[in-house]
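**Student:** Put chain L on the given structure of chain V with help from the hints.
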Amino acid sequence: MPLKRGHLPMISASAAVAVMLVLACALVYTFSGARPATAGGRTQITFWVGWAGKELDVIQRFVDEFNRAHPNLYVKTTSIANSYQKMKIAFAGNDTPDVCATVWTHELADYALRGALTPLDEYIAHSTRRPSDYYPAVWETYKVGNHIYALNQTMITFFMMYNKRIFREEGLDPERPPRTLEEFDDMAWRLTKFRGGDSKGELKRLGFAYGNAFIWSIAFGTPFWNPETRKIGVDCPQTIRCLKWLKSNTDRYNYQRLRAFQSAFGNASSPNNPFISGKVAMILDGDWYRSIIDEYAPADFEYGWFPIPAPPEGRTASTYLMSSMFVIPAASRHKDAAWLLIEWMTSAYVSCNVHVGKSPGGLPSLRAAAAEPEYREPYWQFVSAMLSSPNAMPPPKFPLFERFISDYSRMEDYVLSNVKKPEEAAAELQRNFQTEVDTVFASIGLQDKREK
Amino acid sequence: MTSPPAYKILRSTGGHALLVALSLIFALPFIWLVLSSLKPASQIFEFPPSWIPRPIQWSNYPEALAFIPLIRYTGNTLFLALSGTFGTVLSCSLVAYGLAVVRWRWANALFFVMLTTVMIPPQVTTIPVFLIFKQLGWVGTFRPLVIPAFFANAFFVFLLRQFFKTIPRDLLDAARIDGCSHFEVYWRIVLRLSRPALVVVIFFTFTAYWNDFMGPLIYLNEDSSYTLSLGLQQFLCQHNAKWELLMAASTLMILPVIILFFILQRSFVEGINLTGLKG
Chain V
1 MPLKRGHLPM ISASAAVAVM LVLACALVYT FSGARPATAG GRTQITFWVG
51 WAGKELDVIQ RFVDEFNRAH PNLYVKTTSI ANSYQKMKIA FAGNDTPDVC
101 ATVWTHELAD YALRGALTPL DEYIAHSTRR PSDYYPAVWE TYKVGNHIYA
151 LNQTMITFFM MYNKRIFREE GLDPERPPRT LEEFDDMAWR LTKFRGGDSK
201 GELKRLGFAY GNAFIWSIAF GTPFWNPETR KIGVDCPQTI RCLKWLKSNT
251 DRYNYQRLRA FQSAFGNASS PNNPFISGKV AMILDGDWYR SIIDEYAPAD
301 FEYGWFPIPA PPEGRTASTY LMSSMFVIPA ASRHKDAAWL LIEWMTSAYV
351 SCNVHVGKSP GGLPSLRAAA AEPEYREPYW QFVSAMLSSP NAMPPPKFPL
401 FERFISDYSR MEDYVLSNVK KPEEAAAELQ RNFQTEVDTV FASIGLQDKR
451 EK
Chain L
1 MTSPPAYKIL RSTGGHALLV ALSLIFALPF IWLVLSSLKP ASQIFEFPPS
51 WIPRPIQWSN YPEALAFIPL IRYTGNTLFL ALSGTFGTVL SCSLVAYGLA
101 VVRWRWANAL FFVMLTTVMI PPQVTTIPVF LIFKQLGWVG TFRPLVIPAF
151 FANAFFVFLL RQFFKTIPRD LLDAARIDGC SHFEVYWRIV LRLSRPALVV
201 VIFFTFTAYW NDFMGPLIYL NEDSSYTLSL GLQQFLCQHN AKWELLMAAS
251 TLMILPVIIL FFILQRSFVE GINLTGLKG
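Protein chains in written order, with my numbering: chain V, 1 to 452; chain L, 1 to 279.
So here's chain V without its partners, still in its complex pose (with noise of 0.2 angstroms):
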């Protein structure tokens, strides 16, 4: 049909368009391509960690000095600030980096029997680390079956900490914090006080706030794990026994009065720290929160540290291992190389210069390090003894266990909040979980009991 007079500028109008069109098309995807790589020729090793801000900033001083003592190697690092899903996900895809320091011990177990990561044995054969370098504990933790998975910089352990000036507020020697379970309890109610003095009032300050089952549970005894076996062992007296005590004092105070005053609690990251703002008079935690302390408290801030109290028949000087490791992928391309740049992270030099505030962040791994002079003080040397402790316990080795923790949690809160008797929440959390440990173990072809 020939064109009509007229109807030329339609159709250019509608090509003009189209064309336009395509090509912007064109240049939202070539723009939205790869960036090119700046390995100026060297081999490129990509390096995830979950540092960001400063803590980012000294860890990349240690990749620059790497990345100079290797000349065909450049360590690419990415920090997926704190954003674990991504790690999740790249692993489920096989699409790693080749190196990272974001599985946590809590996810070893999970990543290494899916064949996920690759086991160091042999590179550290070939090098100078011995598993007398470490903690007994430490090592452990590294381990899944008769494999070393992992290596770290410092591992954090868990215990109480104190304020001394409310101790001496109250009439209780500051140097000598409580030894048994009893006197914990007996000192934490001495130590909490309720508007206008009358124990049925509103809270104002709390000795301590009951709670955190899990790490309750192992100085109760709590064995959680049968490696042989490979069974749950969390329906048991010990656990029992722990999520009495809890209920007992969380009555005490009773549940709801104490969960309204703690929802009130300032950020930990903050100024209004509970601990370091008076509004509790002692904590369970991480040795790490000593860099909150210097960061947020006071300088006349005084406090003190003990083990966690246990029952006689429980573990005494226990505690609860838990870090970010550096490990290598299954996917990774530049094994070898990986290992170098994890040898040198977790050497003592870089372990003992990995600090971002005015003190270490952590004790290093590494028993050398940790007989440095900056952990010398009192503080490092308790943590060093609680490291060393034959009840320091690495995370149970089974699959699924971060979710564990989240479902431990759970058991908690229905037992202190009366949904559910200790014994029937235990027995409940054992079935369920038993169920799904070993569908996983079934899944992932470890059926057959022996340890590969």
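Treat the hints loosely; a few may be bogus.
List time: in silico DSSO-like cross-link candidates among lysine-lysine, alpha-carbon distance up to 27 angstroms [what the hints assert, rightly or not]:
no., chain 1, residue 1, chain 2, residue 2
1, V, K231, V, K54
2, V, K247, V, K193
3, V, K76, V, K88
4, L, K134, V, K76
5, V, K193, V, K204
6, L, K134, V, K335
7, V, K143, V, K231
8, V, K54, V, K88
9, V, K88, L, K134
A short, non-exhaustive set of chain V residues, derived as facing chain L with CB atoms under 10 angstroms [to be verified]:
no., residue
10, S14
11, G33
12, I89
13, D95
14, M160
15, D251
16, S277
Since the hints were derived computationally from the structure, they do not count as laboratory data. We put the beta carbon where it would ideally sit given N, CA and C, even for glycine.
**Tutor:** Only chain L this time, still in chain V's reference frame:
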């Protein structure tokens, strides 16, 4: 001219007062955000809360700009938001036109199939989609975040299809009789009459891209390509958090969206002449 009766004045005043009070309640989180952005760290989590910063710490803003490369992250976010909005509007309007205006046998059936995809939670498809993009070699680039926008969004297709169906058929048929192709009817008539619906799509798409956290987190592996939402996360370090700087950066991040809303708000309230027919 007589003045309005007293009860009408009272009713109007009362109504406005109620609306202002409700607006303030809804605006409270934003007011708190802006006030917190001017506070020192010690006041942000004070209890009982203090509203007025003492002193007013304007330095939070330049410090926030220096803590992370905010300008670069803003540029990345703008590129994603503009590209994504362009792709969404283009693809959704084309698909909606095909389903609403063009008469073909399977249009309704396909529309219902497309609607069912709205019911699939994004968490279910995250890993399979990630695997697809990994196979394509797009992980680590902006492409997984931008290219899907050019393949239509079921919800916005639904929204635009319903709006296109309200355009008088006679108008479109008249244009076809006059020799317009489908593309010309779409471009010259349908799009021009659908401004309010398109403004809704533009605004919601832009806001979604601007605030998107999971997409950039999963697909971007270079610090230099991070977006504002990932940048804000970097204020929360493992051992401490810069809350006052985070509040300042959040205020800066939210401002473009507020400005965009006020610019586009007029299109929501302007009347249009739907029929375009005379006599």
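**Student:** All the hints need checking, so say for each whether the structure fits it.
**Tutor:** Against the structure, the hints come out as follows:
no., hint, result
1, V:K231 / V:K54, "43 angstroms, violated"
2, V:K247 / V:K193, "20 angstroms, holds"
3, V:K76 / V:K88, "20 angstroms, holds"
4, L:K134 / V:K76, "20 angstroms, holds"
5, V:K193 / V:K204, "5 angstroms, holds"
6, L:K134 / V:K335, "21 angstroms, holds"
7, V:K143 / V:K231, "19 angstroms, holds"
8, V:K54 / V:K88, "25 angstroms, holds"
9, V:K88 / L:K134, "15 angstroms, holds"
10, S14, "6 angstroms, holds"
11, G33, "5 angstroms, holds"
12, I89, "5 angstroms, holds"
13, D95, "5 angstroms, holds"
14, M160, "20 angstroms, violated"
15, D251, "26 angstroms, violated"
16, S277, "9 angstroms, holds"
Of the numbered hints stated above, those contradicted by the structure are hints 1, 14 and 15, listed in ascending order.
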